[in-house]
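In the order they appear, the protein sequences are chains U and S.
Residues 1 to 234, numbered by the numbering used here, are exactly what the first sequence covers, in order.
Residues 1001 to 1267, numbered by the numbering used here, are exactly what the second sequence covers, in order.
Calculated from the structure, these hints are not laboratory results.
Note that the structure is predicted; figures quoted are calculated from it, not measured.
Mixed in with the good hints, there may be bad ones.
[What the hints assert, rightly or not] Here are the computed lysine-lysine pairs in the DSS-like style, where the Cα-Cα straight-line distance is at most 25 Å:
1) U:K57 - U:K30
2) S:K1085 - S:K1189
3) S:K1230 - S:K1181
4) S:K1143 - S:K1096
5) S:K1019 - U:K159
6) U:K159 - U:K30
7) S:K1210 - U:K153
8) S:K1224 - S:K1189
9) U:K123 - S:K1112
10) U:K155 - S:K1096
11) U:K155 - S:K1112
12) U:K153 - S:K1112
13) U:K28 - S:K1183
14) S:K1115 - U:K123
15) U:K153 - S:K1143
16) S:K1115 - U:K159
17) S:K1096 - U:K123
18) S:K1143 - U:K159
19) S:K1210 - S:K1183
20) S:K1221 - S:K1210
21) U:K155 - S:K1085
22) U:K153 - S:K1085
23) U:K189 - U:K82
24) S:K1234 - S:K1183
25) S:K1234 - S:K1249
26) S:K1115 - U:K155
27) S:K1125 - S:K1115
28) S:K1249 - S:K1137
29) S:K1096 - U:K153
[What the hints assert, rightly or not] Covered stretches of chain S (chain U as the covering partner; in silico rule of three or more C-beta atoms under 8 Å from a C-beta of chain U):
30) 1082 to 1095
31) 1099 to 1108
32) 1157 to 1164
[Said to hold, decoys possible] Pairwise CB distance ranges, derived in the manner of DEER restraints:
33) S:R1059 - U:D86: 21 to 29 Å
34) U:D86 - S:S1139: 56 to 64 Å
35) S:L1124 - U:D86: 52 to 60 Å
36) S:S1139 - U:T104: 36 to 44 Å
Don't be surprised by glycine CBs; every beta carbon is placed ideally from N, CA and C.
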Amino acid sequence: MKLLIIAGPPSAGKTTVARQVIRHLLLKSKVSYFKIDVVRAFEDEELKKEFGIPTRKVYSGDLCPDHTGIMVLGDAIDWAEKNGSDFLIMESAGLCLRCSPYTTEGLGIVVLSAISGTNTPLKMGPMVSLADVAVVTKIDLISQAEREVFREKIKEVSKSMDIVEMNAVQGTGVQYLMRTIDSLSDIDKDKIELRGMAPLGVCTVCIGKKDIGWQNHFGVIRKLDGADYLYRGD
Amino acid sequence: MDPEDIDIREIRILPGTKKNGEKEGYDNIVIVPGETISIVGPTGSGKSALINDIEMFARKDTVTGRTVLVNGAHPPEEYVRDPSKKPIASITQNTKCLADLPVSEFLEMHIKARKMGDVEDVALKTIELANEFVGEKISGDVKITGLSGGQTRALMIADAVVISNSPIILLDEVENAGIYKDKVIECVKRFRKAVVFVTHDPLISLMCDKRVVMSNGAVEKVIKPNGEEKSTLKEIMQTDRRIDIVREKIRSGESIADCWQLFGQAC
Ligand SMILES: Nc1nc2c(ncn2[C@@H]2O[C@H](COP(=O)(O)OP(=O)(O)OP(=O)(O)O)[C@@H](O)[C@H]2O)c(=O)[nH]1
Ligand SMILES: Nc1ncnc2c1ncn2[C@@H]1O[C@H](COP(=O)(O)OP(=O)(O)O)[C@@H](O)[C@H]1O
Ligand SMILES: [Mg+2]
Ligand SMILES: [Mg+2]
Ligand SMILES: [Zn+2]
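Kindly generate the complete structure, drawing on both the sequences and the hints.
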């Protein structure tokens, strides 16, 4: 089985890109789709209805969605394998700019909307820098000048990035993404690792405790004076 | 590859299939630099799909199954994938400038991304050209977002000509009142660009060197005006100029009572 991990800010066009990819993949493969979101997501129902493929979702609630994705990825792979799928597509919520959900083995796709402002690629941290492919959507809505500048900014983050520009609604440009996807090899579940060092310092804020001040927290804490991180607790 | 190095002698569109899957009837459509082409037809007839084929240099990989060749061959992949190497600038009714920047800074941002020299000079030239297309002049220190629809289109066209230096410009239904269409067409010829207009505007479609008529997703016919339409075109151009005069009067709050007297001089 092959693994695609799609990340990108809210409403960037992740699902729209996934739809185009699924449409191509279904010509000769079986696909399972998995969505991770914070509070609500509808993709699982929509894509199941549209393509008749196995879909699932998980809500991360108080935990960072990328952390949740990391936790559940093993189970998700088992689920997709049980479905007899050739591809597992994971769509992240893309809210946490410190994390990146990409793993070794699978293909990391970051979806960025061309209308989100030309500095966006610079602000997305590892979500962009650790991806294999950057898909730029909504190019149909933006001036040539801004399109070119957007591309320059992605290159600033990662010089060798494979950039695919798409009108994701129409599917123009998807063939270049498909070429990369077609060249993927199968994953080895025992070897998969996170690509980047995720800030895994889970503290009581991360799990939803609302109190103000480090005195009220455990795990990795921080005081104003002395910029070091401290560990408090067992 | 520098945009300057692109030497496009012709773009050739080979037929694909109609919406019903039948083969298209036309032979080849050839576009050469300095030529203007209009694409006409009812909504849903496939005008935008044809433009999209050109933009993507289709290789039987679009809905229409058409093939688009440059100088008789499939163009290099950068032509399609890298907007700064692409010899095509596409401006549609959806295309917007979002950056909240003054006109000159916006253009300078593009010029720098292209790594061109003489940043300020090129920006000035672009604004000058844009101002040939509109009645209400664009000033470099006005915010892009504050321009009128017509001014924005004019600026985008000038940007495509001067900064992108695109040999081919695609304009999908950008008929904004306030753009001097004859000036745009004259400029295209002066700079040896090819322009394809998707349009419902009778004046533009009649002024073009060729008129491609679409129906059911297919090219129905290609009309090359042979002079028979000349008298009609002259009348329509006159009407168009008259409307321009009236529009400017109305915009500046003047009475149009005397406009009919100006009609004679204008044409
Ligand atoms: N015009 C245009 N619209 C697009 C394009 N790509 C996506 N959209 C629209 O953008 C909106 C959001 O797209 P989605 O695919 O739902 O975005 P998403 O990243 O999956 O969103 P979340 O999963 O909710 O974060 C939809 O209305 C899409 O139709 C594009 O290339 N062009
Ligand atoms: N030759 C064709 N074969 C199949 N579908 C087509 C063809 N030409 C156009 N279409 C589809 O028909 C719809 C309308 O075409 P479009 O180009 O948007 O029309 P127009 O711009 O003339 O209003 C689009 O969804 C387009 O993808
Ligand atoms: Mg989505
Ligand atoms: Mg159209
Ligand atoms: Zn995180």
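For each hint, the structure was consulted:
1. With a C-alpha separation of about 18 Å, the suggested pair K57 (chain U) and K30 (chain U) falls inside the 25 Å cut-off, and the hint holds.
2. Of the supplied pair hints, the one linking K1085 (chain S) and K1189 (chain S) holds, its CA atoms being roughly 22 Å apart against a limit of 25 Å.
3. Of the pairs offered as hints, the one joining K1230 (chain S) and K1181 (chain S) holds, with about 17 Å between alpha carbons and a cut-off of 25 Å not exceeded.
4. For the hint pairing K1143 (chain S) with K1096 (chain S), the CA-to-CA distance comes to about 13 Å; that is within 25 Å, so the pair holds.
5. This hinted pair does not check out: K1019 (chain S) and K159 (chain U) have alpha carbons roughly 42 Å apart, beyond 25 Å.
6. Restraint check: the Cα-Cα separation between K159 (chain U) and K30 (chain U) comes to about 34 Å, which exceeds 25 Å; the hinted pair is violated.
7. The straight-line distance between the Cα atoms of K1210 (chain S) and K153 (chain U) is roughly 40 Å, outside the 25 Å bound, and the hint therefore fails.
8. Our distance criterion of 25 Å between C-alpha atoms is met by K1224 (chain S) and K1189 (chain S), whose separation comes to about 17 Å.
9. Pair hint K123 (chain U) plus K1112 (chain S) holds up; C-alpha atoms about 21 Å apart against a cutoff of 25 Å.
10. Among the hinted pairs, K155 (chain U) with K1096 (chain S) is consistent with the structure: their alpha-carbon atoms are about 23 Å apart, no more than 25 Å.
11. Distance hint between K155 (chain U) and K1112 (chain S) is fulfilled; the C-alpha atoms sit about 15 Å from each other, no more than 25 Å.
12. Annotation: proposed proximity of K153 (chain U) to K1112 (chain S) holds, straight-line Cα distance about 12 Å (limit 25 Å).
13. Restraint check: the Cα-Cα separation between K28 (chain U) and K1183 (chain S) comes to about 52 Å, which exceeds 25 Å; the hinted pair is violated.
14. Taking the CA atoms of K1115 (chain S) and K123 (chain U), the gap is near 23 Å; set against the 25 Å cutoff, the hint holds.
15. Restraint check for K153 (chain U) and K1143 (chain S): the C-alpha separation of about 22 Å stays at or below 25 Å, so the hint holds.
16. Of the supplied pair hints, the one linking K1115 (chain S) and K159 (chain U) holds, its CA atoms being roughly 16 Å apart against a limit of 25 Å.
17. Straight-line distance between C-alpha atoms of K1096 (chain S) and K123 (chain U) comes to about 23 Å, which keeps the hinted pair within the 25 Å bound.
18. The straight-line distance between the Cα atoms of K1143 (chain S) and K159 (chain U) is roughly 32 Å, outside the 25 Å bound, and the hint therefore fails.
19. Pair hint K1210 (chain S) plus K1183 (chain S) holds up; C-alpha atoms about 18 Å apart against a cutoff of 25 Å.
20. Taking the CA atoms of K1221 (chain S) and K1210 (chain S), the gap is about 10 Å. The hint holds against a cut of 25 Å.
21. The hinted pair formed by K155 (chain U) and K1085 (chain S) meets the criterion: a straight-line CA distance of about 15 Å does not exceed 25 Å.
22. Between the alpha carbons of K153 (chain U) and K1085 (chain S) the distance comes to roughly 16 Å, so the proposed pair stays at or under 25 Å and holds.
23. Distance hint between K189 (chain U) and K82 (chain U) is fulfilled; the C-alpha atoms sit about 14 Å from each other, no more than 25 Å.
24. A distance of roughly 15 Å separates the Cα atoms of K1234 (chain S) and K1183 (chain S); the hinted pair therefore holds under the 25 Å criterion.
25. Our distance criterion of 25 Å between C-alpha atoms is met by K1234 (chain S) and K1249 (chain S), whose separation comes to about 23 Å.
26. About 14 Å separates the Cα atoms of K1115 (chain S) and K155 (chain U), which keeps this hinted pair within 25 Å; it holds.
27. Between K1125 (chain S) and K1115 (chain S) the CA atoms are separated by roughly 17 Å; this keeps the pair inside 25 Å, and the hint holds.
28. Distance hint between K1249 (chain S) and K1137 (chain S) is fulfilled; the C-alpha atoms sit about 15 Å from each other, no more than 25 Å.
29. Restraint check: the Cα-Cα separation between K1096 (chain S) and K153 (chain U) comes to about 19 Å, which is no more than 25 Å; the hinted pair holds.
30. For a cut-off of 8 Å, the count of residues in the stretch 1082 to 1095 of chain S with a CB near a CB of chain U stands at 9, and the three-residue condition holds.
31. With a threshold of 8 Å between beta carbons, the proposed coverage of the stretch 1099 to 1108 of chain S by chain U holds, since 3 of its residues qualify and at least three are required.
32. Counting residues of the stretch 1157 to 1164 of chain S whose beta-carbon sits less than 8 Å from any beta-carbon of chain U gives 4, enough to reach three: the coverage restraint holds.
33. For R1059 (chain S) and D86 (chain U), the Cβ-Cβ distance of about 26 Å falls inside the hinted range of 21 to 29 Å, so the restraint holds.
34. In this structure, D86 (chain U) and S1139 (chain S) meet the distance hint of 56 to 64 Å, their C-beta atoms being roughly 58 Å apart.
35. Distance hint check for L1124 (chain S) and D86 (chain U): the Cβ-Cβ separation is about 56 Å, which falls inside the suggested range of 52 to 60 Å.
36. Under the hint 36 to 44 Å, the C-beta atoms of S1139 (chain S) and T104 (chain U), about 54 Å apart, miss the expected range.
Against the hints set out earlier in the document, violations occur for numbers 5, 6, 7, 13, 18, 36.
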